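**Student:** Use these hints to put chain F onto chain H, whose structure you have.
Number of protein chains: 2
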Amino acid sequence: MKADTIFYNAKVFNVFLKKFEKKNIAVKDGRFLWVDSGDMAELEAASSVDMHDKFIIPGLIDVHMHIESSMTTPSRFSEAVIPHGTTTVVADAHEIANVAGLEGLENFVDSHTVIDIFYAVPSSVPSTNNTMETTGGKIGMDETMALLKNKNVICLGEVMDFNGLVNDENSVISGIVKTFREQRPNFPVEGHIPKVEGLNLARFLFKGINSDHTQQNPKSIEEKISSGVFLQLQKKSVSKENMDVIIKNNFCEYACFVTDDVMADDLRNGHLNQILKLAVCCGLPVETAIYMCTYTPARHMGLRDRGCIAPGKIADMVVLDSIDDFSITSVYKNGKIVHNTDCDKTQAVNKSVFPEKLFKSIQCRKLTLEDLLIKVTDDEDVKEAVCNIIEIEKFGTFTRKTKKNVPVVKGMLDWEKLNLSLLIVMERYGKTGQITFALTNILKEKGAVGTTWAHDHHNLMVMGTSPEDIITLQHKLLKEQGGYGVCAGNEITAFCPLPIGGIISDEPIEILGENLSRVRQGMIDLGYENSNVVMSFSTLSLPVSPTIKVTDKGIFDCLTQNKIPLVEELI
Amino acid sequence: MKADTIFYNAKVFNVFLKKFEKKNIAVKDGRFLWVDSGDMAELEAASSVDMHDKFIIPGLIDVHMHIESSMTTPSRFSEAVIPHGTTTVVADAHEIANVAGLEGLENFVDSHTVIDIFYAVPSSVPSTNNTMETTGGKIGMDETMALLKNKNVICLGEVMDFNGLVNDENSVISGIVKTFREQRPNFPVEGHIPKVEGLNLARFLFKGINSDHTQQNPKSIEEKISSGVFLQLQKKSVSKENMDVIIKNNFCEYACFVTDDVMADDLRNGHLNQILKLAVCCGLPVETAIYMCTYTPARHMGLRDRGCIAPGKIADMVVLDSIDDFSITSVYKNGKIVHNTDCDKTQAVNKSVFPEKLFKSIQCRKLTLEDLLIKVTDDEDVKEAVCNIIEIEKFGTFTRKTKKNVPVVKGMLDWEKLNLSLLIVMERYGKTGQITFALTNILKEKGAVGTTWAHDHHNLMVMGTSPEDIITLQHKLLKEQGGYGVCAGNEITAFCPLPIGGIISDEPIEILGENLSRVRQGMIDLGYENSNVVMSFSTLSLPVSPTIKVTDKGIFDCLTQNKIPLVEELI
Chain H
26 MKADTIFYNA KVFNVFLKKF EKKNIAVKDG RFLWVDSGDM AELEAASSVD
76 MHDKFIIPGL IDVHMHIESS MTTPSRFSEA VIPHGTTTVV ADAHEIANVA
126 GLEGLENFVD SHTVIDIFYA VPSSVPSTNN TMETTGGKIG MDETMALLKN
176 KNVICLGEVM DFNGLVNDEN SVISGIVKTF REQRPNFPVE GHIPKVEGLN
226 LARFLFKGIN SDHTQQNPKS IEEKISSGVF LQLQKKSVSK ENMDVIIKNN
276 FCEYACFVTD DVMADDLRNG HLNQILKLAV CCGLPVETAI YMCTYTPARH
326 MGLRDRGCIA PGKIADMVVL DSIDDFSITS VYKNGKIVHN TDCDKTQAVN
376 KSVFPEKLFK SIQCRKLTLE DLLIKVTDDE DVKEAVCNII EIEKFGTFTR
426 KTKKNVPVVK GMLDWEKLNL SLLIVMERYG KTGQITFALT NILKEKGAVG
476 TTWAHDHHNL MVMGTSPEDI ITLQHKLLKE QGGYGVCAGN EITAFCPLPI
526 GGIISDEPIE ILGENLSRVR QGMIDLGYEN SNVVMSFSTL SLPVSPTIKV
576 TDKGIFDCLT QNKIPLVEEL I
Chain F
26 MKADTIFYNA KVFNVFLKKF EKKNIAVKDG RFLWVDSGDM AELEAASSVD
76 MHDKFIIPGL IDVHMHIESS MTTPSRFSEA VIPHGTTTVV ADAHEIANVA
126 GLEGLENFVD SHTVIDIFYA VPSSVPSTNN TMETTGGKIG MDETMALLKN
176 KNVICLGEVM DFNGLVNDEN SVISGIVKTF REQRPNFPVE GHIPKVEGLN
226 LARFLFKGIN SDHTQQNPKS IEEKISSGVF LQLQKKSVSK ENMDVIIKNN
276 FCEYACFVTD DVMADDLRNG HLNQILKLAV CCGLPVETAI YMCTYTPARH
326 MGLRDRGCIA PGKIADMVVL DSIDDFSITS VYKNGKIVHN TDCDKTQAVN
376 KSVFPEKLFK SIQCRKLTLE DLLIKVTDDE DVKEAVCNII EIEKFGTFTR
426 KTKKNVPVVK GMLDWEKLNL SLLIVMERYG KTGQITFALT NILKEKGAVG
476 TTWAHDHHNL MVMGTSPEDI ITLQHKLLKE QGGYGVCAGN EITAFCPLPI
526 GGIISDEPIE ILGENLSRVR QGMIDLGYEN SNVVMSFSTL SLPVSPTIKV
576 TDKGIFDCLT QNKIPLVEEL I
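Read top to bottom, the protein sequences are chains H and F. Take the position in the first sequence, starting the count at 1, then add 25; the result is the number in this note's numbering. Take the position in the second sequence, starting the count at 1, then add 25; the result is the number in this note's numbering.
Excised from the complex, chain H in its bound form (with noise of 0.2 Å):
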């Protein structure tokens, strides 16, 4: 037997042992055939790299994320995060599902990638249901049994219903999740479980639930993990404290570092990789980090090929100068080399290729300044409207209901009369053209903000306090067939288009992260105020997060699921 690569000199890092050891590494056919301290004079092999006391350590492995959450295609999203480390991701690709329904996942899973894209089965498309939004796809029961038959499908996407799946035996995700445990019984069932404790956590649980991406806390890490769900901690439960509840409890072994959502200007600054340097920052041991990033997510998932450098496992290492740093100096996938920072020698990626008919998604009638007339009465003495009013949170995607007298004149409101903005949601699908009218009051500067990027229908919406603009930018919307943009003075000031599905691009990250962070700038630039506002009003139309929200179905109360009238009373 002949080893193609032996790697001498490293420092490698045994998941099990959870420390560096001196060894050499042997590869054989893109997997580990040997790691071993002596001089592998027994092996004969093609050739060899002098790997000089670097540090290698397993590919990082993302079990919970999505990729349209970077506006990507799977192609360029493997080519970005290459350079980080990223080797596996577990992709929940709803937000194409919403948008093409079954094939456009499709699209997806076949996609050519470097790095190993698997992929969940979304449990909720739509989020709700087509009375609440209309969306160009749904996944129900027989998608999701097409979908098993693929073998990058590996596990049930974040089922978030709780009422439905633990109230309603006849709900579509009680159905999906049924189907899915009898037909999958050792593939995991994602869970989105926020606040949810006590008898209720049981009752989640008792369903079949596995794991949870939301924000933790110590007391929530120690109820979660102790009732048997496996912790996927994102970002924003990197802290301190939850990291020494994790170190105090030897909780490595059911908790891992997921990114979720990371936004594609922020992609090209790192990816899982940044997550545990975090992690290090706030007091877990590195070796336990990388454990987290490798073995555990690996484990989890049932991905017994990788999550470790082990003879018969899938040779994907990152090679680090330092690992107080933790900078990476070259990335291999299936043994090879697809990133080094040295001669930047990241490997080219074919590109996806998407069915024309998503560069066509986008199928709804140009809007006129009349259509932004909102006539609310024929009595002309009408003076004034009791309207209902978003005002949106500065931090995170929450909403809150307020209510103010907006002037009427001849029957139209005058909106723009209180610096207030008009908020459009647009049915885009070509199946009703139903137009949805709400207002805010974030917009501080005249212009508008628009995109077919709206969680998680990805109708048209566009926010603004100058009609013209918001004309401008639906118009621009249309013509690009899908975008984000920015008009200030009836002229786009940032666009970053969006032209497949409406929702991502097939742009390199570095353009596409330069033009959403020009959008990001010109939407700060009109005075939105939120920690990242370009989530936060794609999130002004996802009916399942509190707590108003906006479809192309109505203004709702996502907790009751009432419709709220956007005229309360006429004075």
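It is possible that part of the hints are untrue.
Pairs involving identical chains hold if they fit within one copy or between any two copies, as the list cannot separate such chains.
[Stated by the list, open to error] Here are the simulated EDC-like cross-link-like pairs (lysine to aspartate or glutamate), alpha carbons at most 20 Å apart as the crow flies:
(1) 220 to 248
(2) 273 to 312
(3) 435 to 167
(4) 27 to 222
(5) 504 to 532
(6) 43 to 269
(7) 176 to 207
(8) 47 to 248
(9) 27 to 193
(10) 361 to 141
(11) 36 to 248
(12) 428 to 593
(13) 174 to 207
(14) 36 to 247
(15) 385 to 128
(16) 273 to 46
(17) 400 to 285
(18) 471 to 516
(19) 469 to 266
(20) 504 to 61
Hints were generated in silico from the structure; no laboratory data involved. In this text, all values refer to a predicted model and were calculated from it rather than measured experimentally.
**Tutor:** Below, chain F without anything else, positioned relative to chain H:
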């Protein structure tokens, strides 16, 4: 939501915290619904049980074992192990597969049992090939594919053929392993890796082997676990120094305890609980020992629905009076009591149903005294023959080859003169009727021992110092259609009927064990000296176990797989 039962006031073992906690447990539909320290006032329950501060641990899980080693059926096995706390096993039923192929194995898989029995695809049926042994059935690629369709089949059984897997890409085992890894990448591929280390170990693991259950020492434990092998520690691997290695390295995450083979008479005394107790005696903390008999094996096998007492998991529980002596007072399966020492309430089991033809599986002719005359020459002047003699070791199942000059009278071997034992293996599947003669020197007294439980091909094997006793016993084995017996003075002194396929019995384990213990005593009375006479004799026919063994096809050097003649030379 209403629970079926709430168990109050228990000291419940939490595998994630690795400690006992005072809790109440609610069960519904056979699964744990809620485990909490509060009074559970929020939850209604149809019934409640006061546990009076008893200890509750998850049902024990044995992931590497062979039911046929206990010469019993799945249903009787289930009945036998419940009082010992075993509620789930993963069985490699390669003995019934050798006898009856896919159909016989499916009879096992389809058996109704109280405990949950999952199955491995046996990877080595036959143990060698049909030039070395005749079997009733085989498991090749077609049978593997058929078995993979069964939801109770969850892994590939112990791969033993190192040479076939490592050196021959076209071997049957290479094909099966490759297919298995492609078709079911998330299933474990179980290995049998005795005394393999260094590059050879790496080459075996390179092919995708995930585990090992052979005898370990501290060095092999460290090498194998750090090479990514999941270790299944059976009784002979449980020692003070091995437990020290497990404790020192926190290897409890990568190792579990298994029984492998438990003889029918031993099974009356205990099962996996015996090994757990032994491990604790050897210094392993009881919490770690319980973990390695519950959560670790379940996780290794991808059995996400068990191995811990947590919401949503199958409600299998073992109740203990004390964790010091591990005294089991009751056992619950799917939330229902199936064993209780107070009133001896072991739940009745359905008997297994095997097809009629499996009760008529010994298809060979009656031997006569004339058949036992071993003619070695026509030359009446020949006085002696140099014969190869099988020396049987006093510990374990190994043999050695020696030579002896055996008198020749009228061309016939006079083996009785030297107090040798004649060993006969006779093809019994109605295929060839071929007989192999060999000589051993194990029995000290006049008599014979014989069985159809002769690993792995299970042909008819009789060995004796007296031709008459050999004949009597062979006729008895035919009449009873299988069993294990001893004959002396022309009378059957002990007999354990094994009428199903000639290898198992549907008698309750108390009766079967008693029968087998009498056979064991009968063999000892004939002067058979070995640490386990039943296993020693039965493996004289196993051509993959060192060093010289006998099949219906001849005497073989197991290392070279070359045939060895009975007579080397005539003098």
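**Student:** Hints first: check each against the structure and report whether it holds.
**Tutor:** Against the structure, the hints come out as follows:
For a Cα distance limit of 20 Å, the shortest separation of residue 220 from residue 248 inside one copy, 11 Å, qualifies, whereas the shortest one across copies, 43 Å, does not. In the homo-oligomer, the alpha carbons of residue 273 and residue 312 lie at most 20 Å apart both inside one protomer (15 Å) and across protomers (17 Å), since each shortest distance falls under that limit. In the homo-oligomer, the alpha carbons of residue 435 and residue 167 never lie at most 20 Å apart, since the shortest distance is 52 Å inside one protomer and 80 Å across protomers. Taking the shortest Cα distances, residue 27 and residue 222 sit within 20 Å of each other only across copies (18 Å), while inside one copy they are farther apart (55 Å).
When the C-alpha separation of residue 504 and residue 532 is checked against a cutoff of 20 Å, the pair qualifies only within one copy, where the shortest distance is 18 Å, while the shortest distance between copies is 80 Å. Taking the shortest Cα distances, residue 43 and residue 269 sit within 20 Å of each other both inside one copy (18 Å) and across copies (18 Å). When the C-alpha separation of residue 176 and residue 207 is checked against a cutoff of 20 Å, the pair qualifies both within a copy, at 17 Å, and between copies, at 9 Å. Taking the shortest alpha-carbon separations for residue 47 and residue 248, only the inter-copy value of 15 Å comes in at or below 20 Å, while the best intra-copy value is 39 Å.
For the homomeric pair residue 27 and residue 193, the shortest alpha-carbon distance between copies (15 Å) is at most 20 Å, but the shortest distance inside one copy (59 Å) is not. In this assembly of identical chains, the alpha carbons of residue 361 and residue 141 lie at most 20 Å apart only when taken from the same copy (14 Å versus 44 Å across copies). In this assembly of identical chains, residue 36 and residue 248 lie within 20 Å of each other by CA distance solely across copies; the values are 17 Å between and 37 Å within a copy. In this assembly of identical chains, the alpha carbons of residue 428 and residue 593 lie at most 20 Å apart only when taken from the same copy (9 Å versus 106 Å across copies).
Taking the shortest Cα distances, residue 174 and residue 207 sit within 20 Å of each other both inside one copy (14 Å) and across copies (13 Å). Taking the shortest Cα distances, residue 36 and residue 247 sit within 20 Å of each other only across copies (18 Å), while inside one copy they are farther apart (34 Å). In this assembly of identical chains, the alpha carbons of residue 385 and residue 128 lie at most 20 Å apart only when taken from the same copy (15 Å versus 56 Å across copies). In this homomeric assembly, residue 273 and residue 46 come within 20 Å of each other (Cα to Cα) only across copies, at 18 Å, whereas the closest approach inside a single copy is 25 Å.
In the homo-oligomer, the alpha carbons of residue 400 and residue 285 never lie at most 20 Å apart, since the shortest distance is 42 Å inside one protomer and 80 Å across protomers. In this assembly of identical chains, residue 471 and residue 516 lie within 20 Å of each other by CA distance solely inside one copy; the values are 12 Å within and 109 Å between copies. When the C-alpha separation of residue 469 and residue 266 is checked against a cutoff of 20 Å, the pair qualifies neither within a copy, at 38 Å, nor between copies, at 72 Å. When the C-alpha separation of residue 504 and residue 61 is checked against a cutoff of 20 Å, the pair qualifies neither within a copy, at 59 Å, nor between copies, at 58 Å.
Consistency note: the structure conflicts with the earlier hints numbered 3, 17, 19 and 20.
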